[in-house]
Amino acid sequence: QQQAYQDELATYQRSRARYETLSELNDDYAGFYNGVRVVLKHKDQLPGVIGAVAELLEVPTAYQQAFDLALGSNLQAIVTRDEAAAQRAISLLKQQRAGRATFLPAAVMRPRELPSAVLQLVEGAEGFLGTGLQLAQYPADLAHVMANLLGSVLMVDTLPHAIAIANTTHHRYRIVTTAGDILNPGGSLTGGQVKQGRQASPLARSQEARHLKVQLQTLVETLKAKQADLTALTKKENVAQAAWQTASQQAQALTAKLTTITSQHTAQAETLRQAQRQLAAAQQADTAQADLSAKLTELQHQGKKLVQDIAEAQATIENAKAAVAAATASSTQHAATVNALKTKLAVTTNDLQTLNDQQRQWQTQARDAQAQATDLQQRIEHITATAEETAAKKASRTATIANLQTELKQLKADQTKLTQQKAENRGKLSQISARITTTYEQQHQAMATSEQQAVALNRVKLGLDARLNTLAEDYQLTYEAAKEAVTADHAPIPELKSKLKLLKRGIDELGPVNLNAIDQFKEVNERYEFLTKQQDDLLEAKQQLEETMHELDETVKTRFKDMFDQTNSAFEAIFPQMFGGGHAHLSLTNPDDLLATGIEISAQPPGKKLTRLSLLSGGERALTAIVLLFAILKVRPVPFSILDEVEASLDDVNVNRFGEFLRHYASATQFIVITHRHGTMVAANVLYGVTMQESGVSRIMAVSLDQSQKEAIN
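Reading the sequence shown from the start, the letters are residues 1 to 714 in the UniProt record's numbering.
These aren't lab readings, by the way, just hints derived from the structure by calculation.
Backbone N, C-alpha and C define an ideal beta-carbon position, used for all residues, glycine too.
Don't take every hint at face value.
[Stated by the list, open to error] So the derived label-pair ranges between C-beta atoms look like this:
| no. | residue 1 | residue 2 | range |
| --- | --- | --- | --- |
| 1 | Arg636 | Ala62 | 46 to 54 Å |
| 2 | Arg210 | Gln95 | 27 to 35 Å |
| 3 | Ala62 | Asn34 | 30 to 38 Å |
[Claimed, not checked] Calculated cross-link-like contacts (lysine-lysine; reagent style DSS-like; alpha-carbon spacing at most 30 Å):
| no. | residue 1 | residue 2 |
| --- | --- | --- |
| 4 | Lys542 | Lys561 |
| 5 | Lys533 | Lys522 |
| 6 | Lys634 | Lys561 |
| 7 | Lys417 | Lys224 |
| 8 | Lys41 | Lys94 |
| 9 | Lys224 | Lys235 |
| 10 | Lys213 | Lys41 |
| 11 | Lys557 | Lys542 |
| 12 | Lys634 | Lys608 |
| 13 | Lys213 | Lys224 |
| 14 | Lys609 | Lys634 |
| 15 | Lys417 | Lys235 |
| 16 | Lys235 | Lys409 |
| 17 | Lys213 | Lys43 |
| 18 | Lys43 | Lys94 |
| 19 | Lys634 | Lys557 |
| 20 | Lys609 | Lys561 |
Could you put the whole structure together from the sequences, leaning on the hints where they help?
As structure tokens, then:
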């Protein structure tokens, strides 16, 4: 939808840019002659100016080139309401010296149409498309103006078909093909390939601007519809996107929570492993404690043994003391023994004290290890419970994520389904619109039928009332009395109706009794005899006119042929003089019909082959036309001739020859020449020019070259 909208928008922008460009060109009347442009730009100031033919005419696109070439410069003709409007426009052109223009006053224009016999003849011809008037569209109030331009122009599909139709109509009408080939009255043909890339004609621009305007209106409606659809779709997409974002956020939150739980689970697993290691260490401590207990037991046993030894030593000491008292003689020996025993007792007492300290230390370590083991056991139980809870939460959240993913898939499926439903709803909407349109049409038809039936019923009622009135007025009968009379008559109703019709027809044929019929007959008979005599006189005059016209035609043919031969001879003689060689001649396009024939000019300048005038260069065509002018003046001199820059495209050599010919023919014809070429001025007798000695003040100056030459000689 977005891409389709963008494509439509791009098409609209391109069309609008093209339309604005064409509108600017049309507003500026680009391509129109200067005089036409000035009048059209001042149209608001010139009441009665309607517009150019190119603006008022609309033709099928397939025939546009044909109409361009068929109308030619008439496309720039200006249509006005009347001659007064044309006069005002011409006055404006003269005041502004803005050029010339052709005007078509609608009030005085007369249509030119094909005779019905000719139209019936060409309508059955192969390839005939219609007259230009039939194929074009134009304002209804200007139909006679367009009929003057296009009423007798025949449009044909191909050149062979056009030639066949031209032969059928004896080359009396202009025929144009869709490719732009033209068959002119008299038999001449114009055709070829139009140069590519040339500037569009005013008709083409006007046509394209009108089509683009309609296209832009359609595109605007389409864009509005697509914008509405896109807005609705965007809203749905926004809702779906919001749902998607919500689900995505929930999934991200759950994923983050799952990551946290996983991290916690990993940390707790690490803690569990540390606890297990500590438990193993505690178990090792228990083993060490058992060893210490065994060692302590052994030390205790040794202590007990030492106690016994001490007791025995004390007993020995006591015995020794007793022995000291008893035997003083052996005191030195006994004293050494006692010292030895005292030393042994002190060592034993220190060992016993050390063993007691170690026992107390080992007992403390055993109690600490037991406490750590108990704590580790509790932590292991807590971690195990937490791990089980985390696993349960992980499973629950995994299920939640799976449910959310399922819901997300369901949302996407719902979105796809909504899109499909939207497309289906559009199709249904189109069908419903079509049904509504059909229903409206059926309703309209039903209303029209109902109205027609009502009208028919009213007609029946009026007819019944009229017949009842006729029955009462003509036969002095009511409907019931007439019905009884018909029922009482045994004759069949169709037979009675037939008799009634015959009687009415006889009465109608008799008509009212006219007492002045004899006098009227005499008057009508006299009128008839008078008109018959006038008819005979008219027929006789017609015959005389036809004979006179025939004589005039023969005289015209004879004089035309003589004048043509003389002009051709003069043309053939002057051409090599003017060109410095070569030759040329005139030929008739239709020698069998001198009244409708055209004249074709063939020329062969020095160093070139013989060719038609249209294939020569601009200077050669101008010089050939000048030769033809001098040939005509040689055969039929005129008192004076006005030439307007006819030698503008000639080179200096040919301009000098042109001046010599002017001097040669000046003895029989006075030449008034508008020129800016030096060679022509040299050949002149008198020069007239405009000078401005003071700002804004023009003066006409005249110089007599003959008088100046005489004064120079004297």
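The hints, checked one at a time:
1. Evaluation of the 46 to 54 Å hint for Arg636 and Ala62 yields a pass: the beta carbon distance comes to about 48 Å.
2. The hinted window of 27 to 35 Å between Arg210 and Gln95 holds, with their beta carbons roughly 33 Å apart.
3. Restraint check, Ala62 to Asn34: a C-beta distance of roughly 32 Å satisfies the suggested window 30 to 38 Å.
4. The straight-line distance between the Cα atoms of Lys542 and Lys561 is roughly 28 Å, inside the 30 Å bound, and the hint therefore holds.
5. A hinted pair counts as satisfied when its Cα atoms are at most 30 Å apart, and Lys533 with Lys522 qualifies at roughly 17 Å.
6. Taking the CA atoms of Lys634 and Lys561, the gap is about 16 Å. The hint holds against a cut of 30 Å.
7. Between Lys417 and Lys224 the CA atoms are separated by roughly 25 Å; this keeps the pair inside 30 Å, and the hint holds.
8. For the hint pairing Lys41 with Lys94, the CA-to-CA distance comes to about 15 Å; that is within 30 Å, so the pair holds.
9. Under the criterion of a C-alpha separation no larger than 30 Å, the hint pairing Lys224 with Lys235 is consistent with the structure, at around 16 Å.
10. For the hint pairing Lys213 with Lys41, the CA-to-CA distance comes to about 22 Å; that is within 30 Å, so the pair holds.
11. About 22 Å separates the Cα atoms of Lys557 and Lys542, which keeps this hinted pair within 30 Å; it holds.
12. A hinted pair counts as satisfied when its Cα atoms are at most 30 Å apart, and Lys634 with Lys608 qualifies at roughly 27 Å.
13. Taken as a hint, the Lys213 and Lys224 pair is honoured in the structure, with Cα atoms around 17 Å apart against an allowance of 30 Å.
14. This hinted pair checks out: Lys609 and Lys634 have alpha carbons roughly 27 Å apart, not beyond 30 Å.
15. Pair hint Lys417 plus Lys235 holds up; C-alpha atoms about 16 Å apart against a cutoff of 30 Å.
16. A hinted pair counts as satisfied when its Cα atoms are at most 30 Å apart, and Lys235 with Lys409 qualifies at roughly 20 Å.
17. Distance restraint check for Lys213 and Lys43: the Cα-Cα separation of roughly 23 Å lies within the 30 Å cut-off, and the hinted pair is therefore satisfied.
18. Using a Cα cut-off of 30 Å, the hinted pair Lys43 and Lys94 holds, with the two alpha carbons roughly 16 Å apart.
19. Using a Cα cut-off of 30 Å, the hinted pair Lys634 and Lys557 holds, with the two alpha carbons roughly 21 Å apart.
20. Under the criterion of a C-alpha separation no larger than 30 Å, the hint pairing Lys609 with Lys561 is consistent with the structure, at around 27 Å.
Going through the hint list in order, the structure satisfies each hint without exception.
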